[in-house]
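> Listed here are the chains, written in short residue letters.
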Amino acid sequence: MPYRVTQGMMSSQLMRNLNANLHRMDKWQNQMSTGRKINAPSDDPVGITFSMRYRSELTANDQYQRNVDSAVSWLDYTDTTMNQAGSVLQRLRELAVNGSNGTNPDTAMKSIQSEVGELYNQMIDIANSTFNGKAVFNGQNTTQAPYPKTGIADLDLSTLKPADSGEIKYEVGAGIKMPINVNGNEVFGGTTETDSIFQIFKELHTALGSSDYSAVSSLIGKIDSRNDKFLETRSQVGARMNRIDLIQGRLADININLQSLQSKTEDADMAEVITNMKMDENVYQASLSVGSKLIQPSLVDFLR
Amino acid sequence: MRSTFHSLEISKRALFTQQAALSTTGHNIANANTEGYSRQVVNMKAARPIEAVGLSHSTAPGQLGMGVEFDSITRIREKFLDDQFRNENKSLGSWSVRQDTLEKLETIIAEPSETGIRTVVNNFFKAWSDLSKDPEKTDGRKIVREAAMAMADAFNTTSRQLEDLKGDLTANINVTISQVNTQIDSISRLNAEIQRVEGLGDNANDLRDQRDLLTDQLSKIVNIQVQDSPQGYTITMGSVALVEGAQATPLTADSVSAAYGSGALNNGEIHGMILSRDKYVADYQNQIDTLVNTIANGEIEVTIPKGSVLPNNTVLGNKTYTGADRELKEDLTVKVNGLNGLHKLGYIFSDTPTAAGDFFTGTTGTTFQVNPDIVNNPNLIATSLRTTGTGTSDTVIKGNNTMALLISGLTNTKFTFPAAVAGTPDTKATMDDFFRSTVGQLGVQTQEATRQAGNQKVLTDQVDSRRQSVSQVSLDEEMSNMIKFQHAYNAAARAMTTFDEMLDKVINSMGVVGR
Numbered sequence: 001m002p003y004r005v006t007q008g009m010m011s012s013q014l015m016r017n018l019n020a021n022l023h024r025m026d027k028w029q030n031q032m033s034t035g036r037k038i039n040a041p042s043d044d045p046v047g048i049t050f051s052m053r054y055r056s057e058l059t060a061n062d063q064y065q066r067n068v069d070s071a072v073s074w075l076d077y078t079d080t081t082m083n084q085a086g087s088v089l090q091r092l093r094e095l096a097v098n099g100s101n102g103t104n105p106d107t108a109m110k111s112i113q114s115e116v117g118e119l120y121n122q123m124i125d126i127a128n129s130t131f132n133g134k135a136v137f138n139g140q141n142t143t144q145a146p147y148p149k150t151g152i153a154d155l156d157l158s159t160l161k162p163a164d165s166g167e168i169k170y171e172v173g174a175g176i177k178m179p180i181n182v183n184g185n186e187v188f189g190g191t192t193e194t195d196s197i198f199q200i201f202k203e204l205h206t207a208l209g210s211s212d213y214s215a216v217s218s219l220i221g222k223i224d225s226r227n228d229k230f231l232e233t234r235s236q237v238g239a240r241m242n243r244i245d246l247i248q249g250r251l252a253d254i255n256i257n258l259q260s261l262q263s264k265t266e267d268a269d270m271a272e273v274i275t276n277m278k279m280d281e282n283v284y285q286a287s288l289s290v291g292s293k294l295i296q297p298s299l300v301d302f303l304r
Numbered sequence: 001m002r003s004t005f006h007s008l009e010i011s012k013r014a015l016f017t018q019q020a021a022l023s024t025t026g027h028n029i030a031n032a033n034t035e036g037y038s039r040q041v042v043n044m045k046a047a048r049p050i051e052a053v054g055l056s057h058s059t060a061p062g063q064l065g066m067g068v069e070f071d072s073i074t075r076i077r078e079k080f081l082d083d084q085f086r087n088e089n090k091s092l093g094s095w096s097v098r099q100d101t102l103e104k105l106e107t108i109i110a111e112p113s114e115t116g117i118r119t120v121v122n123n124f125f126k127a128w129s130d131l132s133k134d135p136e137k138t139d140g141r142k143i144v145r146e147a148a149m150a151m152a153d154a155f156n157t158t159s160r161q162l163e164d165l166k167g168d169l170t171a172n173i174n175v176t177i178s179q180v181n182t183q184i185d186s187i188s189r190l191n192a193e194i195q196r197v198e199g200l201g202d203n204a205n206d207l208r209d210q211r212d213l214l215t216d217q218l219s220k221i222v223n224i225q226v227q228d229s230p231q232g233y234t235i236t237m238g239s240v241a242l243v244e245g246a247q248a249t250p251l252t253a254d255s256v257s258a259a260y261g262s263g264a265l266n267n268g269e270i271h272g273m274i275l276s277r278d279k280y281v282a283d284y285q286n287q288i289d290t291l292v293n294t295i296a297n298g299e300i301e302v303t304i305p306k307g308s309v310l311p312n313n314t315v316l317g318n319k320t321y322t323g324a325d326r327e328l329k330e331d332l333t334v335k336v337n338g339l340n341g342l343h344k345l346g347y348i349f350s351d352t353p354t355a356a357g358d359f360f361t362g363t364t365g366t367t368f369q370v371n372p373d374i375v376n377n378p379n380l381i382a383t384s385l386r387t388t389g390t391g392t393s394d395t396v397i398k399g400n401n402t403m404a405l406l407i408s409g410l411t412n413t414k415f416t417f418p419a420a421v422a423g424t425p426d427t428k429a430t431m432d433d434f435f436r437s438t439v440g441q442l443g444v445q446t447q448e449a450t451r452q453a454g455n456q457k458v459l460t461d462q463v464d465s466r467r468q469s470v471s472q473v474s475l476d477e478e479m480s481n482m483i484k485f486q487h488a489y490n491a492a493a494r495a496m497t498t499f500d501e502m503l504d505k506v507i508n509s510m511g512v513v514g515r
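As given, the protein sequences belong to chains A and B, one line each in that order.
Number 96 in the UniProt record's numbering belongs to position 96 of the first sequence; there are no gaps in the numbering.
Number 386 in the UniProt record's numbering belongs to position 386 of the second sequence; there are no gaps in the numbering.
Isolated chain B (complex conformation) (with noise of 0.2 Å):
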């Protein structure tokens, strides 16, 4: 037997329910620009029907419905895509990063152009050739000094950029880290959160999507892995956990640097930071300064021509030149160590023969400097490689240009370039060879970067619109629904107003016979 005010009842879940739907389509209407919000319905199932109650079991048709009522309001969104984004994620912060260093290391190596590193290097040994021509004046050795000097300007500013960029990307990975330490504070807050609210029962969207929208940001950073337990996420970079339920290990610079060395840490952004640093711009910063220490002082083989007379006590190959020996009769062909090793076996511009000395000191980019002195005293550099007479009388022939011509040579000249990697055979090149293959190496590296970066974006931009398919607030979609939800609360109202006519009829105008 039913209750009289049955149908109201009915109508009136009905109601409720169908405001609820219009709520949370409203609800989803206000989200839809909001980031990594997943649209919400509301689950309507029909009431537990009633059994007609009777005294003793009614033979009158039972399982009476009871209307409407929703259980739960959920948000629409696929698990799988989000472990697959951030899948993806992860590698396009990497590579991103990585790009992003490769063209900065461009751009400190400036080439093609008429001003970068192989340009001053060319002109400091044309300014050599130059000298060749008019050994015996001054001004030659004023441009070679100046031409020298923008040389290892040159180098300080290229080595200067990347101890720049080195300390960039440092103070990038600082900052960094302190953004990781904040969302993984904000995740486990919201975990503690969502436990809370989804233990009295009712599903903490809201903040589910918040908690989503921080791991999504996280995963581009560093690589994580997610799981979800009761106690919420539980986020791990490799080994390394990050959060567990409500508890938030934050990362430290050591803890990072651990973490990269075990492999904990192998993607993301703090990865290709520290890749970017301790790869590509310590790589270059080597090449440059194996370049110029090999230009100063590398092994090359140089053939000095007979005729030419030896400073005193010259050591080459095991032998003291002294005496009648210093002029040598036949071509010798010797190994010397870099410009500095050859410059040595020249004369001083002055008219007492002395040796000359080093012509660079330093042995990195950033300490690579024209010898002082040279600086100083242009007079000190050697272009001779010839004295006459004997004894007190022995005299510089400033007109012979041997060393001018023999350093101008160098440019031909195949260096041996130390390997980057200790037990591999050193390379044999010229300086240009060298610095081209660094070039060509930069290029192919940033050229695969790029590419890689661009193949992950679109990865992941390809997931994310799967994802938004899903999740994302379709304004169509939600007015269709709007419209749905309206007209059952129309009906729903209309029913009411049905049931209230009837029971009109029977409360007030039944039973009135005659009266």
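Just chain A, same shape as in the assembly (with noise of 0.2 Å):
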């Protein structure tokens, strides 16, 4: 094809093919400093979408890692609190032994009744343990304490409240919402339970008060009944925990499987982008010095 070439084509080609290699190398450039070959939406419109979700879903993630670290704390305190009353339990029971066994003297069952008395506001001290602030045996109602704060003495029962029955749940999942805490009349017993942990306390101290033998007698079996439900409840909080730690395990694989995925979609392939970039800066470095011998000579530097 016949076809004049002009030295302005010739330049204007040359900056055309100069400007299409600084950009590449630009993108390249880029993708290098950034280490990311996803940098605004049209770079890989499909994949931005992705890498989107992928980066919701790990703030999500990590936010339930953080409530399921809080529910452990919970829930580890609530164990704490718990071996706590078990002690106090084990050692009502003994009492409760002692005081049957008829052959004690009346200033025997007293120390045993003020001993009573000092375990009844260990139990109370229990009950109304807090966490971070709040009632742990109390439900929802976590702003007040569950258990009136007043000597065995002075304890009336009929003004005994039941604890509030309400679930604590925290997220620790999408849609997943577990309850964290025990309440209050599991571990103690409800108000109107015969083996509530008060009435056994209220009606072993009178008992121990009067040396009715037979009384403290017949109470030790209240105590077990309610120590069997103390552990069981104990036992689910055990459960729980058992739950919550295979949630954490899931949430830390969910963690690192989303992680990769996002590093798949996003992340640039440091070594092709080098080798390419590098390749772009041959092209350039060629075109530029072809360009300075091309463009200079023309037919008037040969006449004379």
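Heads up, some of the hints might be wrong.
[What the hints assert, rightly or not] Calculated pairs, DSS-like style, for lysine-lysine (alpha carbon to alpha carbon, straight line, at most 25 Å):
#	chain 1	residue 1	chain 2	residue 2
1	B	Lys137	A	Lys149
2	A	Lys229	A	Lys161
3	B	Lys335	A	Lys169
4	B	Lys457	A	Lys27
5	B	Lys104	A	Lys169
6	A	Lys169	B	Lys142
7	B	Lys319	B	Lys329
8	B	Lys104	A	Lys37
9	B	Lys329	A	Lys169
10	B	Lys319	B	Lys414
11	A	Lys169	B	Lys45
12	B	Lys344	B	Lys414
13	B	Lys414	B	Lys306
14	B	Lys166	A	Lys169
15	B	Lys414	A	Lys169
16	B	Lys329	A	Lys161
17	A	Lys149	A	Lys161
18	B	Lys306	B	Lys319
19	B	Lys279	B	Lys166
20	A	Lys161	B	Lys306
21	B	Lys414	B	Lys428
22	A	Lys27	B	Lys104
23	B	Lys457	B	Lys279
24	B	Lys306	B	Lys344
25	B	Lys329	B	Lys344
Everything labelled a hint here was simulated from the structure, so no lab data went into it.
With the hints as a guide, bring both chains together as one complex.
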């Protein structure tokens, strides 16, 4: 094809090519400095929707992990207090067994009675435990201590209110809400239950005061029945801790999965980027040097 | 019978003609880098020969050559390529403006990033999730408030940036319109000038170049059709006349938008700007508005767990909850209007049960705000959905976190987004889904515009280089022409010298015998 070529065409062609080369280098440079191959939605419109999804899910997952951590602390704390309550129950039983022995003199009964009084104070403290400023055994009514802080002598069973029965739930996954509190009624017995721990304390205290051995003896059964229910509740806490452990593991796995998915979608392959960058750099330099040689001479330079 | 000085005349004509050719070569070289210049050539032809003169018809051989003359200096240009160039150039104009706008939109939407709308929305719901762990405290409420304000800020900023972009585009349209008006004015004046010059039989080459250059430039801004008539160029944009001979009809903002509406304006930069403003920017503004309004007021389905106590006189699903009915015996799945509708079902942070108010105010990206009451008093943020006691002893259970959990769970809830086009079904999607599809759409549009603009650039460049191949000055060519013409000039001068010597012989050396 007959095709005239002019100096102007050559220089604009050179400019166009140089520009295209620079443009490519700019792209690699950008990928190299951000470490990402998606820097704008138009870089990969499909990729960006995935990338945004992973980012959101990672954020959410991060939040679930935080919530799980809080749940773990709460459950740990509950377990610790229940451990203490268990010791108190244990001691209470020993004292009741002691007190049921008809050979005890009144003085011995009195001293057992006063220890029961102390144990009662201890149990009330445990039952009113707060974690992070919240009463743990009062359901959702965390701002109030569930049990009266009076000595055993002043305890009026008829004024004892049941603990709130609301469940405190933490969000530990998308749509997964897990109750983390145990209810005071389950641990210490509701007000209507005959084996309510406070009922037992009061009766035992009274029986010891009047050296009523048989009454003391009959209370041992109630202590045992309370202890059974107590252990049942405690094992429930253990079961929840297991579940939380599983969730924690799963969240950690999800986190790793999401991160690797995100990396696959978003991250630039550095080896590839650097190789391409070097290649384009060479092309650019070549085009520069060719340009400088090519553009200059014309017939003008050779005519004398 | 030829004249004695016939040969001198021939040489003179040759000298003049070759000189004209040399001047034209010089003119070409001088304009080698002039934009829009087309090379010119001197059209030489052998001068009309004479019959040998005689009283009667001569018997001498006739058709005696009278040397050379040039009748025109014309520019080398191909009209077809001009038309093609202008045709490609208009699409380049439109697509490059659209690409530019979409790239700006990408910057405004700012994804992927840790600072974009997606992040602040996520943070807002994270704050709710944190609050759900400590509903009986005030600090979590303050964090929710701050996160909500940050989210509103992000929407406000984005909307404002979109509005600014819209303003910029309108301003650009006006600037470009005045540019068009200057150009069509110049073209009409060139039409008159060319007509005047060429009426006298000359070739207005340089004026024609100027007119073509202006027309080329105009072709990038608006779609034009060019017709060459004896009165000059008639330029129309669809059915709208811009230039008719010496007459220019200036564009106005109104006439341009009317032309856009009627389809007369369907390409070029102005088309790209109007389309960017009214289609792209308006669409993204609309999507942001839809997103905020849906978060605040869009229909969602929530399940309120049993045991919750609704505020007195709450109306849900045609049922008014009062007295003992307020406490739900079973889980209640109902439709509420967005985060506002949901928030109103909860109690503010105080002992006496007081139903909470709207969480957000405003229904568009620019007006979207956290309810000013909540800004002033974060205790108006509801977390609890439960009270205890009846009558005057009715108190809020502050440790209840049902509302906080319901709100933080909204990230996975499908909202009903009103359809952008009336008559099509609404979309049900989570907030994240909606925003993601917005960003995806922007990505596809930008990619498309970038590709189209790139393609058009290649096509325009190709035609232009084709055109330059025909019209542009080649220095090599001009140099060789220069040599050619110079030699011809020299030879003509030599011929004249020959005749001179011959005449010298005849005049000075003949008839002097015996002197």
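> Taking only the CA atoms, is the gap from B:Lys306 to B:Lys319 under or equal to 25 Å?
Judged against 25 Å, a Cα distance of about 16 Å means the pair holds.
> Does B:Lys414 lie within 25 Å of B:Lys319 when you go C-alpha to C-alpha?
Judged against 25 Å, a Cα distance of about 24 Å means the pair holds.
> Is B:Lys329 within 25 Å of B:Lys344, Cα to Cα?
20 Å, holds
> Measure nothing beyond the straight line between the CA atoms of B:Lys166 and A:Lys169; if it is 25 Å or shorter, mark the hint as holding.
48 Å, violated
> Straight-line Cα separation of B:Lys457 and A:Lys27 no greater than 25 Å?
19 Å, holds
> Run the distance test for B:Lys104 versus A:Lys37: straight-line Cα separation, threshold 25 Å.
19 Å, holds
> Is the hinted pair A:Lys169 and B:Lys45 satisfied, with a Cα-Cα distance of at most 25 Å?
Distance ~103 Å between A:Lys169 and B:Lys45 Cα, so the pair is violated.
> Does B:Lys329 sit within 25 Å of B:Lys319, going by the straight-line distance between their CA atoms?
15 Å, holds
> Within 25 Å, alpha carbon to alpha carbon, are B:Lys457 and B:Lys279?
23 Å, holds
> Keeping to a limit of 25 Å between CA atoms, is the pair of A:Lys169 and B:Lys142 held or broken?
21 Å, holds
> Is B:Lys335 close enough to A:Lys169, meaning Cα to Cα at most 25 Å?
23 Å, holds
> Is B:Lys329 close enough to A:Lys161, meaning Cα to Cα at most 25 Å?
22 Å, holds
In summary, the numbered hints that this structure violates are 5, 11 and 14.
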